[in-house]
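In order, the protein sequence lines correspond to chains A and B.
With the numbering used here applied, the first sequence covers 1 to 1118.
With the numbering used here applied, the second sequence covers 1 to 380.
In short, the hints are calculated from the structure, not lab data.
Because the structure is a prediction, the values reported are computed rather than measured.
Treat the hints with care, since some could be wrong.
Derived coverage of chain A by chain B (criterion: at least 3 residues anywhere in the stretch with Cβ under 8 Å from a Cβ of chain B; other residues may be distant) [to be verified]: (1) 413-425; (2) 758-772.
Incomplete in silico selection of chain B near chain A, CB under 10 Å [what the hints assert, rightly or not]: (3) 40; (4) 41; (5) 45; (6) 136; (7) 139; (8) 197; (9) 379.
Computed Cβ-Cβ distance ranges for the label pairs, DEER-style [what the hints assert, rightly or not]: (10) A/298 to B/379: 50 to 56 Å; (11) A/358 to B/46: 25 to 31 Å; (12) A/298 to B/49: 37 to 43 Å; (13) B/222 to A/711: 57 to 63 Å.
By construction, the Cβ of each residue, glycine as well, lies at the ideal position given by its N, Cα and C atoms.
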Amino acid sequence: MKHLCRISALGLFSIFAMSTSPTLAQEQNNLANDSQQAYATLQSAQTSLVGTLMEQGTNKPIVGASITLVNQNIVTETNQKGEFLLSYLEAGDEEIIIEADGYISTVELTTIQQNIQNDCGTFYLQVDMANDVRNEILLNLAEQDLNDDEGRTQEQASAASSSTDVFNNVTSFAWSTMRYRNRGYEQIYEQNYIEGISFNAAERGQFNFSAMGGLNDASRYKETTNAIEANNFSFGGIGNATNYLMAASHYAQGWKASVAGTNRNYKAAIRASYNSGPLNNGWTFMGQVAFRFSPYIDNKGIIGEGIKYYSLGYFFSAEKVWNKQHKLKLITFGAPTLRGQSAAVTQETYDLTNQYNKTTWGWNNYNPYWGYQDGEVRNSRLVKTYDPTVIVGYEYDIDETSSLHIGLGYHYSMYSNSALSFYNAPDPRPDYYRNLPSFLWDGQLTERGTFITKDLNDYELGRMDEEGALLFNQSYNGTPIGHSIDLNAYKALHDLWTSRNDRTTQIDWDALYRANYANNYANPDGSAKYIQERRHNDIQEGMLSLNYSNSKFDHLKITAGLEAKQSEGIHYKTIDDLLGGKQWLDVDPFAERDIAELATNIGLTQAQIAYVMQNDIKYYLENDNPKAITTGGRFAYDYRINMTNVNLWAQNEWNWNSVDLYYALKLSYSNMQRTTDMFNGRAYYLTAINPTLISYYLGDRYSSLDHLVNNIPNRLYGTMHHFFDPAFKLGLKYKINGRNHIKINALAETKAPLARDAYISPRVHDRAIGTIYQHDQAQSLSDFYAASQKIVSGDLTYEFNYPIVRGRVTGFYTQFWNASELNGYYDDEARTFVNQAMYGINRRHFGLEAAVAVKLGTYFTLSGVVSAGDYSYVSNAYCITSAENGMALGEKTDLNTGINEPIYELKDSVLINGLKVSNGPQLNASLKLSFFHPKMWFADVTVSYFDRNWLDFAPARRMKGLFYGTRTDGTVVNGGFNQLYIDNTTSTDVRQHNADGSIAMDAYGVPLLEKPYNYLVEQESMVHSNPWHRFLIDLSIGKLIYLENRQSLSINLSVSNVTNNVYMKTGGYQQARLPRATRQGVLESEGNSTITSNIWKFPSKYYYAWGTNFYMTITYKF
Amino acid sequence: MRKTINILFTLFLGLIMFASCEPNAINEEKLFLNEQQVQDLIQDGKLYTLHEFVDNFMTERGNYLSDTTLYRTRGNNESVNPGIHLFSIDTLPSYGEGIYIRGRVTTDDFGGNFYKSLCIQQIVNGEQQALRLSVDAGSASGMYPLGQEIIIRCNGLAIGRYANQIQLCVPSYNNNKYAQNAGQKIGWAPGRIPFARFRIATQLVGTPDKSKLHCDTLTIGEIIDSYNVKDARQEDGKLICIKDIYYTGEYESTSGLQMCTTGDPEIDEYANVFAPTTKNVGYPQSRVISDGINKTLVSMSEYAKQANFYIPGADSLGVTNCPNYVGSVTGILSYYMDNASYAPDQWNWAISIRDLDDLSLFKTDAEGNQIPWIPVEYTK
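Assemble the whole structure, with the sequences as input and the hints as a guide.
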């Protein structure tokens, strides 16, 4: 049968996405997966529409495609034979939108006759060749976890996108380079499901994209719901909800093999997949394997220098259909992956190493994590991931209007990352701040960050040349180096860096081995000087999902679900390589160094002092020595966090002619409990000095430290914390007519803190952030929710849907209260590693999203998207800082006794009110021109603009005590100085400004906003000053060739950052580390304003967008 | 079917590649120079003994500036110490003939008492020669341990004196406003060699061997009486041992020798431990030892691991038992004079111990048994 009134050539609505499309909640006729028998026996006494969807050129059925009747707002999906059926329709002209992941969407017109089954024949969709490539690139980006040296994780772009939504389709790829986050939300606010089972890990709150590394076919089919809107597989949240559909019947039958080459982190990939199609016995099988690799490549300046990458992904799915009612799905996948990492570095490091390249090609690719070992490349940071996953799903379609889906899932996410560790030896990192030329500036800068020109005796500085003339303003290679720095010393270091000397700019593995071999002679029973350790963060989870759906009642669909998850986060260290050393003694080096101070604080006995440095007191007591660890041995810490999460949710969706309404409620119970297999010395020490706090440090089942030390169990159980959280959302859709809709959604919820943010020093002890105890001992409702984050969010959308132009405009507003997060860094003042738990974080996100796609003649489509928002902190937060080695970080005088008491937990406000959230650019815009030629040529070009992008701030630099001299807990900073802004006698604010009001100054006329103060105060913008450097251009071109016997060959080339813009900072962080005695204020002894003059010593570190990079793939289907 | 086999074979190959591992451990022999490699190394220049090196390249006034008034302010005073410059810098040519020195490391900063400095010794004709190396690296002995022989290509570095101590260094301008008497201490002075630079210049010769270290046994009298300011330079940095000494329980101050107190070392800078607080000034703390005839100092940093251990014989009751513990002290001989406005005296000398194992002291009980001193840490 011929198509009726076909209005457009196939594919002309390339990537037309309508926010109407994925609202499966609205479906009234979802018989998509019915068996063929059921399809054939449908009666035509009612008004219905049937059809088939095939792939152009190969005539293969397209499974899971979305078929939308625009005027009647009805949606269904194609079954495994590509067939669809819509029943109970109204007669009349109708517009059909046909969309499928991986294909170019299209629109058809038809006329539906009353009381008959209308057959609209076969529709054909073109493969969207670029989609596969983009999907793979996005997966690759998402699996990169860019942990910085201080343990913070950079937010990555999401790999979950829907090619059927014009906004998400353009933004998810074109903006991924800039780590764009939808509405500025972190990954934890996005819900990711696989076949209806939640796979956001309970401890970290995130989905592990590396579990699907390289499996772009396996992860191809998904249903994505924008933000708050209703969906039929979960309650959802404020972020997008995605359900990956991996049942075998979703995939097209046949073989597919591809090879790919790229200059990104890995260099080549091969893939193969096979789908059996439905067999006579009712089974369908699907499998995919994908291998991606890159050997070590040491060409300095290339993308991914010093990175090796091996990943083997596998996916297997089997599906058994007994009859119309019963279906069983078995799915397993995993992708053991080994990949090297690269690091953010300071601008100085980039500037130096960029000089190795003669042009901008290769700029900003320096990676300090690798070096040479006996002439061979080796990376110190190797991530190993493997997340074997098993899913069993059972679908029971009780009758035509109700169904029950049951899912069971299990996965064991193995994640570990290696790093160098050292003991009483120099820091091996090549980019350690003391190894950079700028360290020669130490002591040579003024308090305002400029070079000194006169010394303290007012003597004019300037080294003399051979003729006795003073040399002012020395510079080398264009870099000013001031008046008082030895030029030769600077040149020598500078030249080592600009020439990229192997032993200076990379890890000198030979030197590490040499140190260990020498140590074997000098100190044969001691710890190795250097090791490569492996930090394990494994997660084991078992999940159960029940989903009941009922549309028996007119206009009403009821969906309800139960999600239960038992999780265990497993954290420990092992030794990867002793690097020639004999053993590693399991003591805490910081505790060992500071043991004298620890002992003098409380008068421990010598025997007790020996406990403090031990990581495993039980072993020490049994063996009278610290554990000597060899390769593979577990050391340092070994703790677990057990978590239970149960969600019960229900949703009602009402559908009328002009209005759709939904509302949903969710009740959540969760708990968390830390256990440890190592009773370490710092937990002992802190308990010894605070015996009444034993339940805080060790757990509420212990009451006597002495008793515990004499009977140390194999596993210590911490206190279990329980949380109950409600959530409610509702939405309304007003259909002005078939082409214009207005939608409004709102959500309110509380969320228990994630386990990763709940403990102030989880490697050491059981102590949680204070609000959790307030919750545990709640006497009121506000206490009960003291630890939970509260979220209120809403959005308003207008969407339009015409044959030539489609799009939407959405405004959104979200308020977060009381979030928490954990950071760690090296504290110069205390000379030890500290953990910093920040809580009471309040944020507000609001903004606008707009997307429009316009058909331009026969071959072209122009899409435009923009996202503009303001994501800010709206109040100051609070912080608890404690030393990893248990030492006191300050002291205060007891007013009654006059005795100085040590302080182990510093409590202070964090001055973040008004700062911007660093989750990608807050202003993004793209124009995309797509081209399709019926001879199967595809191309598109996307021009994107990014602005309003801020660097992540370090809470340590914004502590109130740094600026006021006194912390919120009343303790004094750095020996004490008067409040800077407040006159103590009059209690008035004494800030002043310069003549034109542009510079705020303290009471002594020292500017607050000039360097170096901005290192402390200002939030750094990552946007380049030259507007032209804020654009990125991406290009894609492809050709599809149909061969005999339904075979095809496709070639696709995707080129990102065509203009090689090497000036785009995509992320980074402000270093938390501060030089000793940093503060702005008035020293009591000096009586004038002062600030540490070397505040510049630990500048921010950045990531840059890769320069021009490509991904080319050739795919053969047979 | 053939296609299937080809695909599976390709994947199998991939698996093998996946299993590829890191480079093999390096053979020890490759990492340490042998004597032949040392000879090959110095072909482009000359290997100097430590004394030859100093004599050839170090001048009294230094060559770094023609106007030496920019040297550290109180580094010379013609009326009190004529012809003496306590601070100097002579830069060494960056290019041309290689300038090499070699020596064996005599220090260990594990105990925290040798902050960012190394001492090396070289035995020439049976006599010890020594030189300090000023290196900007904490825990440098992690790479250059006690007993390790090293060879250094000194081109581009400098030889100078800091408070009369000769050291391999780079020029550095001191402008530390937080120092005590800051105005008297500003100016050019020997500074620490950036560690990245030092590592490039230095190679290890053989593996460490503490047994090859040479220790000069001296009396306190030989140390404090025999040398003038210039002669002292040659002795500074040597590894020495003094026998039959005991701690007197005293500290040295501008008002003479005083008895240590029983105060809290975190508060009281005169407490009877090795190195109590300096109240954020940071100078090395010293305690007096005697051989019954003369007295000198044993110094330790307040940041050393054992800083708050009682000096031998001392306890919470006081220092009266100190003279009961007699024995030997081994350490680096140190001559420190940073102010030319004063005449040198015996208190410019001190012995810096590497850790408490450098003290071998015994008490003799009533039966004549030798009871070793056991270190005890101060507790509140």
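Against the structure, the hints:
no.: 1; hint: 413-425; result: holds (count 4)
no.: 2; hint: 758-772; result: violated (count 0)
no.: 3; hint: 40; result: violated (18 Å)
no.: 4; hint: 41; result: violated (16 Å)
no.: 5; hint: 45; result: violated (17 Å)
no.: 6; hint: 136; result: holds (6 Å)
no.: 7; hint: 139; result: holds (5 Å)
no.: 8; hint: 197; result: holds (6 Å)
no.: 9; hint: 379; result: holds (4 Å)
no.: 10; hint: A/298 to B/379: 50 to 56 Å; result: holds (54 Å)
no.: 11; hint: A/358 to B/46: 25 to 31 Å; result: violated (38 Å)
no.: 12; hint: A/298 to B/49: 37 to 43 Å; result: holds (40 Å)
no.: 13; hint: B/222 to A/711: 57 to 63 Å; result: holds (60 Å)
The structure fails hints 2, 3, 4, 5, 11 (numbered hints given earlier, in ascending order).
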